[in-house]
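Just so you know, the sequences run in chain order G and Y. Everything in the first sequence is counted per my numbering, starting at 1 for the first residue and increasing by one. Everything in the second sequence is counted per my numbering, starting at 1001 for the first residue and increasing by one.
By construction, these hints were calculated from the structure, which means they are not laboratory data. Heads up, a few of these hints could be off.
[As the list claims (entries may be wrong)] With the C-beta cut set under 10 Å, the calculated list includes, among others, these residues of chain G facing chain Y: (1) K74; (2) I80; (3) G81; (4) C135.
Only a predicted model underlies this, so the values are computations on that prediction, with no experimental measurement involved. From the three backbone atoms N, C-alpha and C, an ideal C-beta is built for every residue, glycine too.
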Amino acid sequence: MDEIIRIENLSYAYPDGQPALADINLSINRGESVAFIGPNGAGKSTLLLHLNGIIHSEGKVKVFSESITEKNLKEVRRRIGLVFQNPDDQLFSATVFDDIAFGPLNLGYAEAEVRQAVTSALEKVGMAGFERRSCHHLSLGEKKRIAIATILSMSPEVLVLDEPTSNLDPRGKWRLIELLGKLPVTRIIATHDLGLVVALCNRVVVLDGGCIVADDTTEIIMNNPSLLEAHGLSRPAGLKAALESATQARG
Amino acid sequence: MKHSFLDRYSDRDSFIHQLDPRTKLAAIFLFILAVALTAPTVWPVFLVYFIIVAAVIALSRVPVLYVLKRSLVIIPFVLLIAVFMPFFREGEVAGSFNIWAWRVSVTYNGLQLLGAILAKAWLSILGLILLTSTTPIADLLKGLEQLRLPRVMVMILSFMYRYIFVLTDEVMRMKQARDSRNFGGKRLWQLKTIGNMTGTLFIRSYERGERVYAAMLARGYDGQSRTLLHLSFRLPDLFFSIAFGALIIVTCIFNFLHQV
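Chain Y on its own, in the form it takes in the complex (with noise of 0.2 Å):
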């Protein structure tokens, strides 16, 4: 079957993509840090960073459409996780509703809590959509490895992105062929074949993964690994990382300011 790429867009030619993926991995850590510690009163420190965010959007010549739409898809499992936040912060009622017997009431506190936890996941994920869609998975998993984080991690995100599309894939086969077969009934009949279908893809995932083992070892695999490494920090990277750095330090600075 065919696939979309994770990694869209990421062979385009920008001053954002010809960075190196560590400035880039190291630039959305501290951006998605500062975001997560602003406090939830200081609107205008949003704003300066989606100003941030957008702007480096624009230079990476990424479809601003194309962002806006993923960024989309992160909403609804926030609200999710967010939604109860207005009913349990104390602080001047804004309404309040009966449930049954009980009575609940909306603050004002609870609500502003709300509005930050989305600009906050609404950011973060603007910038991993930014960082994805001008590095390719490969060049990201190497920066990865060059900052340090364990081989054995890089290796099971290395393997993740490999076969996930062929997961996807056995998965739709696994739907055609249940489809064909007329699936329906109860309820409870169909969550059985659901849960036998996921027991087998298991199964298969798990043989898949002997297999591929087997394949290392038959190319010489004795559970070290070696990689040919080869990222080079420029002076673009430089200039950037300055700009970017200075630009968040400074924000963050004026958004502790305005807590005390």
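This is chain G alone, in the form it adopts within the complex (with noise of 0.2 Å):
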């Protein structure tokens, strides 16, 4: 199979010295969808931030059979887009447009380039037409497709999210898992929905305290409610297990 990133014995401390990830190894081929889950704090965005260099890992991540260096960042960056869990943080621009062509621009399109690459993104997303708004008007289901346009505008081969449905109604949640569901690219997810994971990820990798306690197949991972339960996670399962025992203790 084509593996695109490759992990080996990473840690990485925090700048006051407070571990963040320890011994990670990992593989992911291309195609894949992967999910990320584990509790606050487990180190899910940190692992992230070294997929695409914003933190340096000195070599132990390596993407398509290569290590990152400064040399090869931006091309990286290209081909494995990463988008942060705050839209507020990802659109900086006056405008939706100016901010989805930011991409493009870095990476030195030309213009009309540019022009095709943000009108696709913003079709890819369903927001055709949103070019002049001013992203502090949109919505937060609004701003989080922008969000994930801002990167596909740069058509990357990997995307890679940060708690995609985070702060989201249930409908704009499900919007958002049936349409990053329909984006051909391989995918990287860190989240704590256990809906999404098993609406859009064929595998699970299991993160607590720095480490990587699990990886396998989502209906494996999905069915050990004890490994849930014990890293913070309760399966979605365990709603009706809940409501049974507060029907029962009501009456």
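Relying on the hints, combine the two individually framed chains into one complex.
Below, the structure written as structure tokens:
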């Protein structure tokens, strides 16, 4: 299989010395849809920042069988598109157009290509015609879509998303899941939204305390309630059980 | 939260709206410069400037009431700065009174100066409101960039425009959280709380800055900024520039002739 990301013995500590990741080993192939799940503070976001060289990894992260270096940094960031959790961080320009054009412009596309990239990215997220709008007048769901479009405009091969459904209402969440499912790219999603995991991912990596504690198919992980519970994640069926016990208690 | 627009009415359509942002920027700059150079004694000149700006507002079809309301916001600030002027100017005394042991007198010269400062500030702010309500901020930023304002400053302005509402939201949420916990007590304690909130806001903004920068890096940012600029200086711009420029310059000359 075509391996696109390989992480070997990666450890990382925050600048204040607090350990964040410990001895991570991971390999991701083209076409996979991988979920990183784990409780808050498990190191999911930190791990994502290593994938496109925002945090330097001293060669411990290899993408497309190469280490990330100063020289290939731009190309790596084009091919591995990282969507941040908070769209207010991701969208920093005065208009939607400027934001989506930011990546392509940095990559040195010609003007016609930039315009083409913006239009098609907006179409892909179902937001055609929003070019002239300013970001602070959009709803959260719209902002999230635009944030994804800012990455899609660079035609990435891997889409890395940090908590894509956080703070969305159920309708917004399922629309987003539908949208992500249609994109023909390798997906890496950090989340603790298990509905999203079941709907989109075929492989699940469980992180806790900066370590990988499990790495298997979605089916196996989701059918291991004790594992999920031990790491602060309860499986979707847990909801049913909770409802049942609540009904019993009442009466 | 829902926000009003800094550049409300800028999406309307009129002769003024269609002008190139650079034309408008240059015109307003010239206008403010001319207003600032007017001598405090030449009142007819202020009147002429007022008629000019009023005419352009009428042309732009921005609601007059809106412009007036917004322009009044500046008055308290100007008053705060200029209110001492009448006391420090020398000249014919208009009236004097005692404050404790001091004898304070107000002069006609000083009052005139105060009036002129208010008039200048008000005319300038009218011009600026006209500019922002006929030009979307994004276009204004592009105009500034093409007028060779350093790119860093354009970016700072752009970030300010983007994040001012995000910050207001944050402050609002903090205030609500504070008031939900029965904010009150001694004045000193209140001040301390407000100080803490300000500090928190600063740290949060700083951290947001880091995250925004990471998001920029993730899209190939390398310290250089690139934009697609599409502004066009057309025939109406030329007409407007000539007419407006001529009017201002003639008034300016009149002002200088009167002074000597």
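Now for the hints, and whether the structure bears them out:
Look at K74 of chain G: its Cβ gets to within about 5 Å of chain Y, closer than 10 Å, so that hint holds up. A least Cβ separation of about 9 Å between I80 of chain G and chain Y falls short of the 10 Å threshold, and the interface hint therefore holds. Among the interface hints, the one on G81 of chain G holds; its C-beta lies about 7 Å from the nearest C-beta in chain Y, closer than the 10 Å criterion. Taken as an interface hint, C135 of chain G checks out: its beta carbon lies about 7 Å from the nearest beta carbon of chain Y, inside 10 Å.
Violated hints are absent here; each numbered hint is respected by the structure.
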